[in-house]
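A.B. asks: For chain A, the structure is supplied; the task is to place chains B and C with the ligands on it using the hints.
Protein chains in written order, with my numbering: chain A, 1 to 466; chain B, 1 to 76; chain C, 1 to 181.
If you're looking for bench data, these hints aren't it; they were derived computationally from the structure. Keep in mind that the hints are not guaranteed to be accurate.
As the list claims (entries may be wrong) - Which chain B residues stay away from chain A? Per the calculated CB distances, all over 12 Å, these: (1) 5; (2) 6; (3) 26; (4) 52.
Said to hold, decoys possible - Listed below are the simulated SDA-like cross-link pairs for lysine to any residue, each with C-alpha atoms no more than 25 Å apart in a straight line: (5) A:357 x A:307; (6) C:92 x A:357; (7) C:59 x B:42; (8) A:79 x B:38.
Note that the structure is a prediction, hence the values are computed from the model and not measured. For every residue, glycine included, the Cβ atom is placed at its ideal position computed from N, Cα and C.
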Amino acid sequence: MVAIIRARGDRSIRDYIDPERGTVSRELYVNPDIFEQEMEQIFQRCWLFLGHESQIPNPGDFVISRMGTEEVIVVRDRKDNQIRAFLNSCRHRGMKVVRYDQGNSLIFTCPFHAWTYDTTGRLVGAGFQHSPEAYCGTLPKEEWGLAEVAQFKNFYGSLWATWDPKAPSFEDYLGPFAESLRHCLQSSDGVDAGLDMFTPFQRHRLPTNWKVPGFTSVTDLTHTAMTHRSASAAKLHQDRGSKGGRDRTRNAAPFPMNKYAIGDHNLGHGGMCTLYHQPGVPEYEEEWYEEGVDDYFREATARKSKLLADKIMAPHGWGGGHFAIFPSVMVDSWRLRWWQPHSVGVVERWTLSGIDKTAPKHVRDGVRHYSERFNGPVGFFESDDMENWNYVFPASQGARARKLDYFFANGKGLGKYNDRLPGVVFNGSYTEEAQRARFSRWLAFMEANSWDDLYPVNKSADHRIW
Amino acid sequence: MTEPKKYVLSGPNGADTFRNLPEGTKIATIYGGAGEITANPGDGAYVLVRFTEHENAALVGQEEYVFFNEVREATE
Amino acid sequence: MVDTPNAARQALEDVVLKHELEQFLYLEARLLDERRHEEWLDLLADDLHYWMPMRRNIKFGDWDLEFTSMDEEINWFDEGKDILAGRIRQLKTGVHWPEEPVSRFEHIVSNVELVSVDGDEIRVNSKFFCYQNRLQDEVNQFVGRREDLVRRDPDTGFKLVFRKLILAQNVMLPKVLNTFL
Ligand code: FES
Ligand SMILES: [Fe+2]
Numbered sequence: 001m002v003a004i005i006r007a008r009g010d011r012s013i014r015d016y017i018d019p020e021r022g023t024v025s026r027e028l029y030v031n032p033d034i035f036e037q038e039m040e041q042i043f044q045r046c047w048l049f050l051g052h053e054s055q056i057p058n059p060g061d062f063v064i065s066r067m068g069t070e071e072v073i074v075v076r077d078r079k080d081n082q083i084r085a086f087l088n089s090c091r092h093r094g095m096k097v098v099r100y101d102q103g104n105s106l107i108f109t110c111p112f113h114a115w116t117y118d119t120t121g122r123l124v125g126a127g128f129q130h131s132p133e134a135y136c137g138t139l140p141k142e143e144w145g146l147a148e149v150a151q152f153k154n155f156y157g158s159l160w161a162t163w164d165p166k167a168p169s170f171e172d173y174l175g176p177f178a179e180s181l182r183h184c185l186q187s188s189d190g191v192d193a194g195l196d197m198f199t200p201f202q203r204h205r206l207p208t209n210w211k212v213p214g215f216t217s218v219t220d221l222t223h224t225a226m227t228h229r230s231a232s233a234a235k236l237h238q239d240r241g242s243k244g245g246r247d248r249t250r251n252a253a254p255f256p257m258n259k260y261a262i263g264d265h266n267l268g269h270g271g272m273c274t275l276y277h278q279p280g281v282p283e284y285e286e287e288w289y290e291e292g293v294d295d296y297f298r299e300a301t302a303r304k305s306k307l308l309a310d311k312i313m314a315p316h317g318w319g320g321g322h323f324a325i326f327p328s329v330m331v332d333s334w335r336l337r338w339w340q341p342h343s344v345g346v347v348e349r350w351t352l353s354g355i356d357k358t359a360p361k362h363v364r365d366g367v368r369h370y371s372e373r374f375n376g377p378v379g380f381f382e383s384d385d386m387e388n389w390n391y392v393f394p395a396s397q398g399a400r401a402r403k404l405d406y407f408f409a410n411g412k413g414l415g416k417y418n419d420r421l422p423g424v425v426f427n428g429s430y431t432e433e434a435q436r437a438r439f440s441r442w443l444a445f446m447e448a449n450s451w452d453d454l455y456p457v458n459k460s461a462d463h464r465i466w
Numbered sequence: 001m002t003e004p005k006k007y008v009l010s011g012p013n014g015a016d017t018f019r020n021l022p023e024g025t026k027i028a029t030i031y032g033g034a035g036e037i038t039a040n041p042g043d044g045a046y047v048l049v050r051f052t053e054h055e056n057a058a059l060v061g062q063e064e065y066v067f068f069n070e071v072r073e074a075t076e
Numbered sequence: 001m002v003d004t005p006n007a008a009r010q011a012l013e014d015v016v017l018k019h020e021l022e023q024f025l026y027l028e029a030r031l032l033d034e035r036r037h038e039e040w041l042d043l044l045a046d047d048l049h050y051w052m053p054m055r056r057n058i059k060f061g062d063w064d065l066e067f068t069s070m071d072e073e074i075n076w077f078d079e080g081k082d083i084l085a086g087r088i089r090q091l092k093t094g095v096h097w098p099e100e101p102v103s104r105f106e107h108i109v110s111n112v113e114l115v116s117v118d119g120d121e122i123r124v125n126s127k128f129f130c131y132q133n134r135l136q137d138e139v140n141q142f143v144g145r146r147e148d149l150v151r152r153d154p155d156t157g158f159k160l161v162f163r164k165l166i167l168a169q170n171v172m173l174p175k176v177l178n179t180f181l
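Just chain A, with the same shape it has in the complex (with noise of 0.2 Å):
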């Protein structure tokens, strides 16, 4: 039996998706009962990103990343170079032990009383623990770690990680989008874990709710004609670079693929997807506005060509659009994104983007600059999603409008399994097709008792409910 949550007076949270109308109540963005209940039932749970191995390369390197609405100190270990993650949170009474963005340590002293932590997170010391007038010696040290995640993988270079000791292996619970993942995590000639990190991570608030953003900006293909309207009528190219209204050189060879929005209704994962149908890799298409950066992504995809010459392409990565990991990470090639809750109208936007380690200082330049002017609060790209997405939550939030509900019937009904990706709907690409499948494993989420009701954990289990 699974437990009924209790969202607002008498209501069950299922009673607040309308799988036959295609809609979702807006309490779901507003109530801050129903946000207290996701930060335990999801975030709790699943698998979050926590950074990038080359953001810490040496020992003692550590950097403070999130999940959820708390701290995380990932550090790689002085004696075994092992990454960890600990919480940021001192066993003695709270305080939180790091207060830098990075750094290199030897110990994490706790300001407060002088707990202290080595990189592995065991507690190696506290002021006055020798005391005769204090501890005299009897702080069973061992016992009082760091709370240390209960499971931590190092994929291909990017870092994850679940507070979930019953939750399944990070590949199970990426299912099938586990080769798109590793796609967009090799450098650009397809070699795996290639990548450079650009640090640090770039942040910004938001106030609206994590789900605006988190589970619709993949994909969402029907707001960029009207949302990014401002980009594209002042020239500024939306893909890589602004081409300040020089013409691209449009001159690849036709390449059969098709494009959809897939969802995967029991994982929560979807956004856009590419069907290859031959193997190899698409001819190269110039779309850098730097100078002599193109010449370098040319030959690069030369060589990965050969490399995958009899294989046919994954469905994501170079050139094949993005998509969104469950709870609200979006990932494309070389790029993370993803959004921390903080509380129910708030929301923290992470970016981390990086490039093959090998490659010349002007393409990092060029890649630098081109992430620098497109994301976040100062991108001429994002900076249009950041309007809509914020005003989004104070015309949801009132007595009148949170009685009303969200449309997400578009393409609903119409989307197909196929066998290129098992288990995963696949719909025009201009479909809500994934944002549906966000919200099936959302509720299964919410409504689990424990990851033996979720799948994989629960082979059976059938998540999708439109």
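C.D. replies: Relative to the frame of chain A, chains B and C with the ligands by itself:
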């Protein structure tokens, strides 16, 4: 023979001096232990000391983080 | 001590130059506030480098880690006049949603310091306080310092060649930064 230099760990510069005590500095603790700094995390709270004398004999030859106000004396 | 005619003349020249620079910086601020962006663009040299690093929370003494490096890391801005011109084209479309309706910006410039003169090129530091008021209750404040390099110009008096913007923020708290500082 000149006396080895004693670091001044009290007063306004004490914390800064402590944060920068170099490896090899001789440490004496208020509990009668003695040893040498093997690493200084620079946090102003601890130095890592390898003990040559310790009130707990099992810790002789071992390393332990020593809190600043358990340091009686630090000498070059 | 101003005790020779040469030194007196130099001091007077510095005062005049500082006055000219202040007028230039104030004009820049006013053009932005009055939404005369193309005229503002005219005050920028073609080889302008406009840089705003991010700032980290770091351990005392790790000062070289505080600002993101211009060459290797992610900055808020690290671009030239071409990209700034693109941003201004976007502001002029009337469909750039975070500026539709437009904000009420007030750029306040103060603490102008003449740093050095090298032929036509002058280093000048200043502080900015930019107040943004938008829709009914959207308020943001961007506060910080600037380190500018300007070049004398026959048409506009000066042109901005390099600007380092030191913003007092870690996480960017406003959802969007859509003006120039
Ligand atoms: S709360 Fe950290 S030492 Fe007391
Ligand atoms: Fe968008």
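A.B. asks: Each hint needs a verdict: does it hold in this structure or not?
C.D. replies: Verification of the supplied hints:
no., hint, verdict
1, 5, "24 Å, holds"
2, 6, "23 Å, holds"
3, 26, "19 Å, holds"
4, 52, "17 Å, holds"
5, A:357 x A:307, "18 Å, holds"
6, C:92 x A:357, "39 Å, violated"
7, C:59 x B:42, "9 Å, holds"
8, A:79 x B:38, "15 Å, holds"
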